[in-house]
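Can you join these two chains into the complex? Each is in its own frame, and there are hints to help.
Note that the protein sequences, when read in sequence, are chains A and B. Mapping of the first sequence onto our numbering: residues 4 to 875, in sequence order. Mapping of the second sequence onto our numbering: residues 226 to 338, in sequence order.
Calculated from the structure, these hints are not laboratory results. Some hints could be false.
Stated by the list, open to error - As a list, the in silico DSS-like pairs of lysine-lysine whose alpha-carbon atoms are at most 25 Å apart:
#, chain 1, residue 1, chain 2, residue 2
1, A, LYS389, B, LYS262
2, A, LYS389, B, LYS306
3, B, LYS304, B, LYS285
Stated by the list, open to error - Negatives, chain B to chain A, calculated, CB over 10 Å:
#, residue
4, MET241
5, ARG249
6, PRO251
7, ARG282
8, MET325
9, GLY328
10, LYS331
Claimed, not checked - Restraint-style ranges between C-beta atoms, simulated for each label pair:
#, chain 1, residue 1, chain 2, residue 2, range
11, A, VAL869, B, ARG321, 56 to 64 Å
12, A, ALA387, B, ARG301, 29 to 37 Å
13, B, THR294, A, SER34, 44 to 52 Å
14, A, LEU854, B, ARG287, 29 to 37 Å
Positions of the beta carbon are idealized from the N, C-alpha and C atoms, including for glycine.
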Amino acid sequence: MNQRRRDRELLEEMQTHLEERAADLMREGLSEDEARARARREFGNMTSLRQQSHDVWIWPSVDELWRALVHAARALRRGGAYTVVSIATLALGIGVNASMFSIIDAVLLRPLPYANPDRLVRAGATQQGHDEATALTPEFLSWRKENHSFIDLATWNWYQCTLNGAGEPEVVAVVLASGNLLALLGVQPVLGRDFSKDDDRPGAPRVALISNDLWWRHWHGDPSVVGRTMILNTSANFTAGVVRIAGVLPEWFRFPDDTQPAILLPAQLGEKANWSAGTVGYGPMIGRLRAHVSLQSAAADLARVTRAHQSDEPPWMAWSLKDAPFSVLPLQQSLVSGVRPALLTLLGAVGFVLLIACVNVANLQLSRFHGRMREIGVRAALGASKFQLLRLVLAECLLLSAVGTVLGLAGAWLLIRLAKYESAMLHLSDPRTLSLNGTVAAFSFALALACALICAIGPALLVTRADAQKSLRRDDVHAAPGLRNIFRSAMMAGEVALAVVLLLAAGLLLRSFARLIAIQPGFEARGVLTASLRLSGSRYGGTAKKSEFVRALMRRIETAPGLIAAGAASSPPFVKYNLGARIYFEGQTDPPYTQFAPLIAVTPDYFRSLKIPVIAGRNFSSADSAGRPGVAIINVAFAQTYFSREDPIGKHMTWNERKDWATIVGVVANAQHEDLATPPSPEIFTSFDQYPQPLITLTLRTSVPPETLVKFVRAQVAAIDPEEPLYDISSMENRIDKTLRDRRVETFLLGAFAALALLLAAAGVYGVMSYSVAQSRREIGVRLALGATPGAVTREILKRALALTAGGVAAGLAASFYATRFLAAFLYGVGAKDPLTFFGAAAFLIVVSLLASFLPARRAARVDPVQALRSE
Amino acid sequence: MPKDDSRGLFPGALEMMILETLRRGPLHGYAIAQSIKQRSQDLLRVEEGSLYPALQRMLKARWVEAEWTISDTNRRVRKYKLTAAGRKQLEREISRFERMFVGIRKVMRPSES
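Just chain B, same shape as in the assembly (with noise of 0.2 Å):
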């Protein structure tokens, strides 16, 4: 069975970030994974590689689908592209985390509310 070897992170959480980032358009794994290292601006320290088997679990869920193409820097890479369901699954993912982040926050200030 896989095992969620994202760090720091719950679970969930790297699929919906890659579910994210492929919703401006194709990329293949190096830029995802540089994709969202500079949104998170460094702040989640994630292993590069354990994006992979996130992939591999995303594609079997059919949420993403995959086509070999030639990259900008002329390399043979995957593209990764988003399908109706995974759109649908992020959707989802989305508004549970928000309800989630709403909730924890409540916790956290309960001034503020």
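Chain A on its own, in the form it takes in the complex (with noise of 0.2 Å):
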């Protein structure tokens, strides 16, 4: 009965009453006015009796809800097995979900803890070989100045420094950024004052805001750490030398960055734009947008700007400035770009498990509520309303996928407790934000309410089509309605098809793996230890001092015990280049500014350590020495690009404004320089002697394990100057083991979901295999009887499961085809459509399924004819 039809008859009822009240009261002799004007006293009021009456149908009662709980539980109880795995089923699926969106709830959907955090945004130009918008510092400049679209904006540039005079000598993360950064952001210093206008002034004396951290390991936490001075000795362009402390940031403090620096200085930019060479650095820009501007018509201002500068800009900039895209993005979104697909693929993965959990489920509570047929008929032959029967069933479904939630979360909170061992993994700038949050629960229990709908389903369907006198029938009640298997032939076909997505999925990743470490890095990794120095421009200043520290340095380090080669470089291997240059061939005056390359000084024993092989020519010696005639080494690639037609050795070259000539003496092989991935490129060698750097990589090749020598190596440093840190000390092997932790942790979880997937499917192939064995069981019997063999009742049922398992399958492979675009970006060396994996996954799961219906295959061979017929 609809609800306004209740109130209208309520509303008679209630009219009727004063009218017969105003009657009887007429007749005791009042007048009519007064009759009526008591009858509605006496009756109280009407607005509030009305509304209590409504509220009687709109609410069920606590009794009512507990009733039902009671109820519910007792018959999950009955349930026995069906329930515990049912329960631990949903337990999994829920858990692994809630544990996957706690993590995208602290990487992604978390606001940045800056003030307005909405309103910030990442912008700039898109320069030639960076992905994300950086400005130029010039460039910095007039935008700030001539914009009309941000409240403010703010760079910094990256550096690294010798924290000298507090403590150990440290090699530190600094930032120089500008003055108004902190300001713009909205975040305050714990302790002293953030940079002041007359900071950032060029020539003012540097002031440093320090992290907590660095307070912490340095000073120990105290307070008077505001005013004193550190040393920072730098080997780059820009001097810091004596810096006073201002402040100290806050602990909770995330710098807008993928990495967190120590110090932060003010970056001194000056008010002009100045585009001498000295003074132009890249550096990422951060903005404050004014209200109600777009973020097109923010980047639309940036590029009027620039094109009001845009004769200012010099020759040499011009290349890389041409047609730089303007881009403004919310910074949140920029931040988080790297590790979004990744995590949005992961999660997808996760609510495939839960679905399978919850097919699963279903299948399982519909054959229990097959089960209780007798019972639901008796209640229906009592009276129970259709209604009443989706309910028990509907709260059965409830109290089971709240159970299975619960203790999903208990089993999330585990795993989150685990998982912030390893945060750096995860890519959370701060392992606190990760937790079993409001949010994380409310998802939670919303995926278990879907669950429980899901659930529901078949047995709401069952019960809501029995015919109370036949279910009472004893014959009838295992008679199979055709409606009901092709349900389960559907959920079981389907589920097959959500384990063929995942497991393709987890099979390209595999493979992309597995082709990646596969691949020969151009040296030999094993035994070799690395270590950083960066040499103080203050007190190594000009070639001499580094060189000869260098020769020391090695002279010392080769009497270590169980060393073979000692070699030092500007940048080995998996160690970002630092240095590069426009190169310059004979004969050419003004070369294109593509033609650029690293430049990697490296000592003549450099590649013996590593074993990269020379291929042609001959390798530096210590005659190539600081006065002798240049010489370079070019790497294959070089000499591909380059001197594809002609010999490379005995060529000149130079770089930059350089004006002495270098002769190339040798060719080596390729290394892979950034990762396993890229493809290597153009490299130059020169010898350290004659280009010395002031950041050396040490590069040792020992017969002992690598890192019992980090004590000797330290104490050779410290015994030439105590004040150079050895810093990135690390093996080779862990260098190129770092490159591939974000894959090698996206692979394994895949690996797991779908693994876990598998099992869930086959489980539930198992389950319905089972199912429909049993419910044949008369009809195995009757052929049994009539002289069919075990072995033909086996085939027979495994030509059914074949069937499913095939229609599921070609489902699976049908998403896949679609699915597997969004894996493309993580792949490497295998197409998306790889067919090998296609043709792979298909045919596992298919076995798994044929050995997941073998058991009941076997079930049905053993029927006893006899017993088959008389028992039913």
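Here it is in structure tokens:
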């Protein structure tokens, strides 16, 4: 009965009551008005009474809910193994989803910890060879002054410095930021003060803000650190020297970039754009948008300012600036753009796992309700309405998934605690944001509700179609209505399809990973220790001092026990290039700016230490020293790019505005540099003595475990100069491994989810086939009695399973054909539609499905015809 | 949530009186109210209107059934009839009430017990 009709009837009833009462009172002698008034008074507040009557129907009473719950709990307890397996399956599905979602919540959804973070953007031009928008210093100054779209703009640049004069020397990450950066973010130091306008003027004494972490490590949280000085030694093109500490950043502060600096210095860019080479630097830029300014119009605004200054740009900049597209993106989006696709893919994968889990539980519940058809029939016969039967089904499914969710959340809580130890792996800037919070719980319970509804569909169809009389008759209880079997078959095929998609995705990632680790890096990484040094510009100015230091150090290190070869390079493989230049060949006066290559200064034993073969010409020797004719070695990629038709040996070249020419004396094999996947780029090697560099990484080949040498090497460095710390110490194998970290995590997780899906799908197939065998016991009995062999029965059952699985696999392959395109970015050396993987996944699932059906099939063959015919 | 508006009565008392009244035969709302009033000789002062939310609650609990008919006074009225469940509920309520009543009497006049 609908609510409106109920209310109308109630109103009529109440009005009749008032009329009757008034009529009675009038009979007692009251006037009509008096009688009506008194009747109303005696009746009470009619609006409120109507509301109360209305509420009776809207809200089920607590009592009623409790009773439904107790009933459901009792029914589930009687369900025994069905219930235990259902709850465990749901807990598994919800658990992995809650864990995955809490990572998504922490990494992608949580607003950045700044004032009004939704108005913060990452802006700039996308320069050649960069993925992200950056600003050039002079451009930044014009943009900041002349834009109409931003409340303010800020930029920064990364450096590494040696921190001296504060305990142990240490190499730290330093950011030179425009002085307004913190104010723009809306962040205050916890101690001391922010940069002032004066601090940011060119030539002003340098002050610094230090990170909370550095404060604790070097000053043990001493509040009197403000006003103290430290010495920052640099090798790069800015000089800091003695720096006074102005303040300490909050512990929760996250720098709006991928890594966290230990020290912030004002960049002191000045007011006027200056394009002289010494002051130009690339840097990320962020801005705070004015109200009602869109991302597009802000980008157009930057383009307008740039156009107005086009004539200021020197020709050596023009090539990289030309057609650089402007981009303005929400800061949050730009910060997570690297991890977003992987996280969403994994969320999709756990979604699939949950769907399969749900289908399994739905199947189990369908079987359980099927076993209860006689009870349901009794209820229907006693007058339970369809609605009441539906409520019964729903209450049980809801309770089931609620219990599963609570258990799943408990599991997720444990997983998250474990995940916190791997926060770097998950790209969490702050592991504390990872938690099982309200959002995650709400998400999980929403999933649980959806699961409960999915699980309720089958039983709901079953009970509402139940014919009271039919289900009470004993012989019809086990008859197999077609509807239910189609439903089950569809569910089984569906979960096989989902499992195929996941298995395929995992297979593609696995094959990519295998391809990747099979790549030969071009050198032998095993048994090599690497450790870096940066010689301070103030103490190692000029070329001679740097050469001297390295020569002295190498002499000392060569005495190390277990050492085979000791080399040093400005950037060996898996250490970022730090030097590059425009290349001039003989006869060229103005080569294209794209004729650009990284330069690596190496000691004579460097190639030997990494076992990089010299393919042509000769290696450097100690005779290639300062003052001797300049020499260079190129790699095969360089030779192929610039000397495809001639012999490079003996050719001359130089770089930047150097006047002295270097002769190419050798060609070495290519070595992977950034990671295993990127094809090697052309490289030039120079003799360290002739072209000394402040950034040095030692490459030490040992016959003993590389790590055992660390102490010795550190002592040798300290013996020469105790102010120069050894940093970034790692075996070469570890360095390579680090570049594979993300891929390994993604592959492992997706593989684990696929395995889970496979297991659940196998359980589902087993369940459906067992049930189907149990249902057709009598039919099987008849056939056995009529002379069918047990083998024929087994084959028949397996054939049925194969038909269903094949349907599922076909659907899964079709879905994958569409879905794997989202994986394309994660793949290496394998196409998103790799036929072998497609075939493999399909074959694997069919085998698994047949294995899962084998037990039920054998059970069918062992049916005793006499018993089967008699028992039913 | 419905709140019990039958002032001066313990929870469930109004329902119990309605059930008792209906035991003798189907009645419509006004008649139930008059019957309770007369039989309690106006001792129990109840807002007459609170009868209706109570009847709705009882309809929902399936203690009573309702049917629209024409009354003696020729009005269209909804008559309420006790169901089997209602009868059982009434018996339960009466025995509970009697136990409670005995208990109260023992406390109030200990000498007589």
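Status of each hint after checking the structure:
{"no.": "1", "hint": "A/LYS389 with B/LYS262", "result": "violated, 40 Å"}
{"no.": "2", "hint": "A/LYS389 with B/LYS306", "result": "holds, 24 Å"}
{"no.": "3", "hint": "B/LYS304 with B/LYS285", "result": "holds, 15 Å"}
{"no.": "4", "hint": "MET241", "result": "holds, 17 Å"}
{"no.": "5", "hint": "ARG249", "result": "holds, 19 Å"}
{"no.": "6", "hint": "PRO251", "result": "holds, 14 Å"}
{"no.": "7", "hint": "ARG282", "result": "violated, 5 Å"}
{"no.": "8", "hint": "MET325", "result": "holds, 20 Å"}
{"no.": "9", "hint": "GLY328", "result": "holds, 24 Å"}
{"no.": "10", "hint": "LYS331", "result": "holds, 30 Å"}
{"no.": "11", "hint": "A/VAL869 with B/ARG321: 56 to 64 Å", "result": "holds, 58 Å"}
{"no.": "12", "hint": "A/ALA387 with B/ARG301: 29 to 37 Å", "result": "holds, 32 Å"}
{"no.": "13", "hint": "B/THR294 with A/SER34: 44 to 52 Å", "result": "violated, 31 Å"}
{"no.": "14", "hint": "A/LEU854 with B/ARG287: 29 to 37 Å", "result": "violated, 53 Å"}
Comparing the model with each numbered hint stated earlier shows that hints 1, 7, 13 and 14 do not hold.
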